[in-house]
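Chemist: If you read the protein sequences in the order shown, they are chains A and B. Take numbering that gives the first Met the number 0: the last position of the first sequence gets the number 785, and nothing is skipped along the way. Take numbering that gives the first Met the number 0: the last position of the second sequence gets the number 785, and nothing is skipped along the way.
Keep in mind that the hints were calculated from the coordinates and are not lab data. Ideal placement from N, C-alpha and C gives every residue a C-beta, glycine not left out. Some hints could be false.
Said to hold, decoys possible - Lysine to aspartate or glutamate pairs mimicking DMTMM-like chemistry, simulated, CA-CA at most 20 Å apart:
id: 1; chain 1: A; residue 1: 11; chain 2: A; residue 2: 248
id: 2; chain 1: B; residue 1: 230; chain 2: A; residue 2: 219
id: 3; chain 1: A; residue 1: 230; chain 2: B; residue 2: 505
id: 4; chain 1: A; residue 1: 290; chain 2: B; residue 2: 505
id: 5; chain 1: A; residue 1: 185; chain 2: B; residue 2: 505
id: 6; chain 1: A; residue 1: 185; chain 2: B; residue 2: 216
id: 7; chain 1: B; residue 1: 546; chain 2: A; residue 2: 714
id: 8; chain 1: B; residue 1: 225; chain 2: A; residue 2: 7
id: 9; chain 1: A; residue 1: 712; chain 2: B; residue 2: 505
To be verified - Which residues of chain A face chain B? A partial, calculated answer using Cβ under 7 Å:
id: 10; residue: 207
id: 11; residue: 231
id: 12; residue: 232
id: 13; residue: 659
id: 14; residue: 701
What the hints assert, rightly or not - Under 8 Å between C-beta atoms, here's a sample of chain A residues computed to sit facing chain B:
id: 15; residue: 217
id: 16; residue: 508
id: 17; residue: 511
id: 18; residue: 747
id: 19; residue: 749
Listed below, chain by chain, are the residues.
There are 2 protein chains.
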Amino acid sequence: MAGPLSDEELAKIDAYWRAANYLSVGQIYLKDNPLLERPLTREDIKPRLLGHFGTTPGLNFIYVHLNRIIRNHRANMMYLIGPGHGAPGIIANTFLEGSYTELYPNIERNRDGMKRLFRQFSWPYGVPSHDAPEVPGSISEGGELGYSLLHAYGAVLDNPDLIVPCVVGDGEAETGALAASWHSNKFINPITDGAVLPILHLNGYKIANPTVLARIDPDELESLFKGYGYKPYVLEGDDPKDMHQRMAEVLDTLYAEIQRIQRHAREKNDPTRPRWPMLVLRTPKGWTGPKVVDGKPVEGTWRAHQVPLEEVRDNPEHLKILEAWLHSYRPRELFDANGTFREELADIAPKGRLRMGVNVHSNGGQLLVPLVLPGFRDYAIDPGVPGSKQVSATRVLGGYLRDVMRHNLATKNFRMFAPDENASNRLQDVYAVSGKSWDAKLEPTDENLSVDGRVMEVLSEHLCQGWLEGYLLTGRHGFFSCYEAFIHIIDSMFNQHAKWIKSAKELPWRKPIASLNYLLSSHVWRQDHNGFSHQDPGFIDHVANKKADTVRIYLPPDANTLLSVADHCLRSKNYVNLIIAGKQLAPVWLDMESAVRHCSEGIGAWDWAGNDDGDPDVVMACAGDVPTLETMAAVTLLRAWAPELKVRVVNVVDVFKLAPVHVHPHGLNEEDFNRLFTTDKPVVFAFHGYPTLVHKLTYNRANHANIHVHGFKEEGTTTTPFDMTVLNDMDRFTLALSAIQHSKAARHRRDDAEQRFSEVRQRHKLYVSEHGEDMPEVANWKWTAR
Amino acid sequence: MAGPLSDEELAKIDAYWRAANYLSVGQIYLKDNPLLERPLTREDIKPRLLGHFGTTPGLNFIYVHLNRIIRNHRANMMYLIGPGHGAPGIIANTFLEGSYTELYPNIERNRDGMKRLFRQFSWPYGVPSHDAPEVPGSISEGGELGYSLLHAYGAVLDNPDLIVPCVVGDGEAETGALAASWHSNKFINPITDGAVLPILHLNGYKIANPTVLARIDPDELESLFKGYGYKPYVLEGDDPKDMHQRMAEVLDTLYAEIQRIQRHAREKNDPTRPRWPMLVLRTPKGWTGPKVVDGKPVEGTWRAHQVPLEEVRDNPEHLKILEAWLHSYRPRELFDANGTFREELADIAPKGRLRMGVNVHSNGGQLLVPLVLPGFRDYAIDPGVPGSKQVSATRVLGGYLRDVMRHNLATKNFRMFAPDENASNRLQDVYAVSGKSWDAKLEPTDENLSVDGRVMEVLSEHLCQGWLEGYLLTGRHGFFSCYEAFIHIIDSMFNQHAKWIKSAKELPWRKPIASLNYLLSSHVWRQDHNGFSHQDPGFIDHVANKKADTVRIYLPPDANTLLSVADHCLRSKNYVNLIIAGKQLAPVWLDMESAVRHCSEGIGAWDWAGNDDGDPDVVMACAGDVPTLETMAAVTLLRAWAPELKVRVVNVVDVFKLAPVHVHPHGLNEEDFNRLFTTDKPVVFAFHGYPTLVHKLTYNRANHANIHVHGFKEEGTTTTPFDMTVLNDMDRFTLALSAIQHSKAARHRRDDAEQRFSEVRQRHKLYVSEHGEDMPEVANWKWTAR
C-alpha cells in the first residue's frame, strides 16, 4: 500500500517496532538467555509472569511512529500512557533510544544489559510493571487508572511548544475521571498552551471484559468525541505493513493539524477554541502475540490482556509457543552478536534531548523555578487586642495569593485550581490580576473569565487535582482550594500522587518538584448552613496515613498564621501540604511576628492567654480556628468559674508536632512534649477533625492517659455555627466543664458547673430553635485579657 | 401557541407551578407571614438565607409536568434530582400533593402548616436544603454532586415498570462520576429493567461560573449525547405559557417513546440496546425570579444561582423586590383564606401511591424482601490439621455467592458489582448461574456476558458504587467486590451513603434498607506483584471514622470465617459492612463450627494455637489473613526459640471489638478485654492495615502501653508476598523477635534471636533478589501442632 514511508523507512520502522516488542516480551518472560542463543528452557523463565502484554505492542507502535514525527520536525514531545502495566513497552523503547542506559548505567546496551533489563522487570527490588517514577519519560504511573489525560492537559499548560500524545486505554476510558477529562479542551489556550494529542487505544478488552467504547457503533463513538469537542480520526487494522503506512500518514496529518491550529491562533492572535484532533486507534489486543493457545483464540481477545501464555514453565507446549513467538520478531536481524541494537535501526530514533525518555518536562524538577513571593508580612492584620478583630482568614490569604500570581505572571509558572469554589473560599482577589481560564462561549454578563486566565475552575475535583498534578510534575507551582468535605473525591488521586513523590524521591535522577498545596476551607465547623453532607474533616486522617517524609498538615488558628504557613508551603518541595482554614469572619489572635514565631515552632503555649506561671493545673490545647475560638472562650469561662485554676493554653499549627520524632520528622521530642503538655496534668484538647487522630499521634506520650480530645464526632445538620460545636461536644461550655472535671484544683466547682453549663446548652438550643441564629452572648463573644 | 394542553389545563398547570415556586421562595426567605396577609417586614425574614433558588423553578416545572404524565398514564415514577440545594422545590411539591403532610403531620395543609414549612427549612433542628433523607420521595441527596444518574440507573434495575426521570444539573454534569454515568445505558435490559429519563437541566451557571455544557455549540451537545447512546430532545425557552405547551408535548413524546421501546423489547423479546430518549431542558437560572437587582441582571445569570436577593433584612429596596416577587405568583389565587391549596388545583396532582413523594421505591425498605440464603456451612472447607490446607478464601466464598444468586433469581433482588474485578477476586463461580450484564455488542469469543446478567461490571468504581446505592435504596440487596487500594476512589460516595443511612435511621417513616456490603480483596499484602500503587489498606480507617452504629469492619482470617461473616452481612440492615479477605491460596485455620463461634464472638483466643494455660507471658494478636499467617508462623518460631514462653494467640475478626463499648456497640467491655489481652503482658499485634488504627481503638485500654502493633507502614513495591511483610516489619521473624524482646520470660534469648532473625531476613532478601520468589522455607511453611 502506498503511503508516506519509503520501503526502507517502512522496513526500519517495522524492525524498530519488532525490537521493542521483543524486548517487551523478554521483560515479561525471561530471566536469562535474552538473545535466544540457546533453546529456551524452563530455567530461562521467570517464576512469576507479570506485566500486561495486551496493550504493549500498540504502545510500542505509537512510540516508534512518534519518533518519526519528532525526527522529521524536531518536535518537543512527551509521551503519556494510561493503560495499566504498560511499562514493558516504555522501558523497551527508552532502552532502544539509549535514554534508559543513561539514567541506569548498569543496564548496558548489550547482552548483559539486556539480561538485566529483562530480569529486573517486575522482579523483587527491580522495577514495577507500571509507567512508574522509575520509568524514564513518565509523569503518569497508570497503576490506578483514569488520570493520564488530566496529567497531559496539566503538562501542556503554559508550555506552548510541548505536544503530549496521550494514550487512553479503553478500559481506563470507563472511569469517572477520564470520562470528564475530555472536556479539558475548554481550558486550553491555543496561543500560550501546548497541545494534547489524545489517542484512544481501542484494543477491546480490560481484565475480564470487553470495553464499552469498543462495543458501541462507530457512529456513536465518533459522535461522542465530536461532542467532547474534538475532531476524531480513526485508524483500524492489524496488518503491520499496512498499519505502518497508515499510521505514518495519519500522524503526519494530526501533527500538521496541530501546527495549523497553533499557527493560526498565534499569528492571528485568535484563541477561539479549535476542534483539536484526536486519534482512535483500533488494534488487536496482544497484537503480534500468539494467535491460538490450547485451541483457544488469544490475539485479539481478552485472553491476551495480561500474559497470553501462563504455563510456560510447566507446559512444554507453551514454552515452544513462547520461543516461536520471540523468534517471530527475528531478533538476529535486530541485535548484533553482542546484543547491541543495530546501528542503522537505532539511528531512526530521535537524538539527545528530543528523545521522549529524557524529555525535560518529564523530569519537571529540572525546570523548577522558585516562585517570586511577596513579603507575606505585608498582608498582616494588626490584631490590636487579641481576638478583638474579625477577619476572613482566607480572604486575607487571597490578597497575598493575588500578589503571588502577580509576581509570577512573567514566568507563567503558577496557577490556582478550585472546583467552582475559588470565590466561595474567598480567594477572589486574584481576579484583579488574572481571570479564570475559559475557552468556551462567553456571554456579556460573564465576569473574570478569560482565555488567559490562570485560575482553573471546573466543577470537578478530579479535573482540578489531575491538572495540578500534571502542572507540578512538569516543574511548575500550584495552589488547590476546595471545600473540606468534598476533597475526599480525590482521596485516591492524592494517594497515588503521594506514592509517586515517595518513589521519585528514591531516584537520584528525579529532581524535586514543587509541593502540592491544598487549602481546605468551607470546613466542617462552618458548613453549618450547608448541612451534614458538607461536614467531614476526614481528609486529615487520610493524609496522615501517608509516608511521614512526604506529608505536612497545618491548622493555622488565624489570618496571620495562615499567611505564614502559606508562604512556607509555597517554598517547599516534594511534599503534600494540607492547610485547613476558615473563610468566615473569625478573630485574629497573633500579631505577625508572634505568628511567624508560632508557625516556625509549629506548636506553643500562648502565655498571654493563660495564667499557669510555668506550672499549670490544666492544659487547654487546640488545633484549628474554631477549636481555638472555643478554647479561648472556655478559658474566659474558667476565669469566672475557677479563678484559682492555673490554665495553660497550647495551640498547635503543625499537627505532626504531636507525633513522636521517630514517626514524623516534625515530631516533638519527649522532653519538649512533656514540658508543654506536662506528664500528669489534664489536657483538654479541642481538635478540628475526628478526635481519634490526636490519640493516634500521641498514644505513646507520657501524659497520654490525661489527654481528653473533643472534635467532630459525626454529628451534623443544617444549623448554626455554634450549634455545630454543641452537637459535637466541642463548645466552650463542654471544654470548660471538662477542665473543671479533670482538674484537682477545680473539682469542687464540678457540680455547680455541670448544672450551669448544662442549662446554658439547653438555653442555646431553645434560642437557636426560636431565632434561627446563635445567642448574642455567643455570637458576640470577645476575648478579654485577664 | 397550540399544544396538547387545553386553556384550562394550561392555566391549572401554570397555577400549580406558581404555587410550587411561591412555596419555594417562601421556604428560602420567610419565617412568618406565609400568605403575605400583611406587608412584608424585616421580622418576617429569616436571619440566614439558605437554599438555592436558581435551579428550583426548573425542578418545579418538571415536577408539575411529570404529574400530568403520571395522571394520564398511571405511570410509576420516582423523581431524582441532581442539582444541589434543590430541596425547596421538592418539599413544595410534596406539600402541594399532600405526601409531605402525611409523613410530617405537624406540617398541616393550611396557614399554620405553611408557616412551619417555611420556617423549618434550613433552620436549626429543621430540614436541610438538599434532597436529603428528610425529603419525601428522595433517594439521592445531591449535597455532594455527581451521583443522581447512577442512583437512577440502580433504581430501575429489575423494576421493569418504574420510570425514573432524573434531573442532571449542568454543574453536576462536569463531575467525573456523572460524566461516566451516561454510559449506564449499556447495562440496562429493556425487557426486565425500567427506564431512566435523563433530563439535563441547562440553566447555565454553577456557584460562580458558567457551565461547560451550556457553553458549547448546540451541535456538539447533541453529538455528545448521541455519542453516549441517547436520542436527545431539546427544549429551550423562558415564556411560561409557551414552555408549558412545549414541555407537555415533549414529555408526551418521551413517554410514548419509552413505552414504544419497552413494548417492542418485551413483545418481540428483543433486548437490543435501544437509543433511550433524554431531554436537554434549557431554562433561565432563577426563572421567574427578580430580573434586575441593584441595576445588575439577575434572572438568567450566575447571580440567581443561590439567593437572588441577599440583603432583604437590611435593604428596604430588596425587601420590596422580594414582596413583589412573591406577589408575582398571585398567592391569593392559589391558596384559600386558610392557606389551603385550592381544591381545583390540588386536583391535578396524582393521587395516593402514584404521588412521587410517596413512590414506594423511594422508601425502599418498604419493599425489602430478605434474601433466601443457602446454608453457608455447606461450603465449609474441612481444614484437617489447622493450616494444612491451602484454599482461596474468596473462591470458596464465590461458591456460596453463586448459590445466593441462584436462590434469589426468582425474586430478582440480588446483584453483584465489581469494577472489572469479579473474576480477578475469584468470584467467577457465579457465572454458572448468572452472567455479566451487557447490552452492547457481543463477539463470538465473549464469555458470560448477557443482557440478563446480574453481575454488574464496568471499569469504574463510581458506577459500581452508584448503581449499588440506587439498588439498595430501592429495597434490594447487593455485594460489591473491589481491589482494596482502589476502593478509595469512592471514599466520598461511601461518606455520603453512610451519612444518608445515619440520617434516614432517625426518621421513623424511612424503613431499613439492606446493608452495603464491600468485599475488598487483592489486598495490600498480596498486591506484591502489582506494586506500590496497588498497596493501600486505608479504607478501613476511612470507614472507622463514620458513626459507630452504621459501620462494621470484618477481617476474617480464613475461608470458613469469611463464609460466616458474609452470611451475617447479607442478613443485616442499615449498615455498611466492610469485609477484607484474600484471594490467594492461604491456610484454613478453623473448622466451620469453630469459625461460627469465633465470628459470633468477633474476637477470641485460639487456645489450640497457644500454650498459655490462662496466664500468658505474651499475647500474639492478629487481625487479617496475612497477619494471622505471620503470627502463626511466629508462634512456631517462638516454640523453638523460647519453649518456656507461655504464648496466647488472639485473633480479631470484628475490628470494633477492640473499641471501648461506649465508642462502638460491638466493643468489648473492660473486663473481657483485660481477660483476653491481660493488663500487663506484652501484646504483639499483627494488623492488616495501618498500625495506628489499633492504637486509635485501644488507646484507653488498661494494657495499651504494652500493645506493639505491626502493620502496613507505606513500604511497598513489586516484590514477593513474604517480602511485603518484611518491608513493613510484619514478618514472622520480626513478630517473634518483638515477643522475645518484650517478654520478661524470654528476654535472655534476645541477643541470640536478634542476630539470628536479622540473618534470616538478610538471607531472604538475597534469595528473592536471586530467585524472584520466596524462600521455600517461607513459601512452604506449615503450621504444626505443638
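Chemist: Decide, hint by hint, whether the structure agrees.
Modeler: Right, here's what the structure says about each hint:
Proximity of residue 11 of chain A to residue 248 of chain A is assessed by CA-CA distance (about 16 Å); at most 20 Å being required, the pair is judged to hold. With a CA separation close to 11 Å, the supplied pair residue 230 of chain B and residue 219 of chain A stays within the 20 Å bound. Of the pairs offered as hints, the one joining residue 230 of chain A and residue 505 of chain B is violated, with about 52 Å between alpha carbons and a cut-off of 20 Å exceeded. With a CA separation close to 60 Å, the supplied pair residue 290 of chain A and residue 505 of chain B exceeds the 20 Å bound.
About 44 Å separates the Cα atoms of residue 185 of chain A and residue 505 of chain B, which puts this hinted pair outside 20 Å; it is violated. Taken as a hint, the residue 185 of chain A and residue 216 of chain B pair is honoured in the structure, with Cα atoms around 12 Å apart against an allowance of 20 Å. Distance restraint check for residue 546 of chain B and residue 714 of chain A: the Cα-Cα separation of roughly 8 Å lies within the 20 Å cut-off, and the hinted pair is therefore satisfied. For the proposed pair residue 225 of chain B and residue 7 of chain A, the alpha carbon gap of about 44 Å is over 20 Å, so the pair is violated.
For a cut-off of 20 Å, the pair hint linking residue 712 of chain A to residue 505 of chain B stands: about 16 Å separates their Cα positions. Given hint, residue 207 of chain A at the interface with chain B, holds; its Cβ is 5 Å from that chain's nearest Cβ, closer than 7 Å. Because the closest C-beta pair between residue 231 of chain A and chain B is about 10 Å apart, greater than 7 Å, the hint is violated. Using the Cβ-Cβ criterion of 7 Å, the hint placing residue 232 of chain A at the interface with chain B is not satisfied: the shortest such distance is roughly 16 Å.
Restraint check, residue 659 of chain A versus chain B: the minimum CB separation of about 12 Å is more than 7 Å; hint violated. Nearest Cβ of chain B to the Cβ of residue 701 of chain A: about 10 Å, over the 7 Å cut. The hint is violated. A cut of 8 Å between beta carbons decides the hint on residue 217 of chain A: the least distance to chain B is about 11 Å, and the hint is violated. With its C-beta approaching chain B no nearer than about 18 Å, residue 508 of chain A sits outside the 8 Å limit, and its interface hint is violated.
For the restraint placing residue 511 of chain A at the interface with chain B, the shortest Cβ-Cβ distance is roughly 19 Å, beyond the 8 Å limit, so the hint is violated. Taken as an interface hint, residue 747 of chain A does not check out: its beta carbon lies about 26 Å from the nearest beta carbon of chain B, beyond 8 Å. Violation of the interface hint for residue 749 of chain A is found here, the shortest Cβ-Cβ separation to chain B being roughly 20 Å, above the 8 Å cut-off.
In this structure, the hints that do not hold are numbers 3, 4, 5, 8, 11, 12, 13, 14, 15, 16, 17, 18, 19, in rising order.
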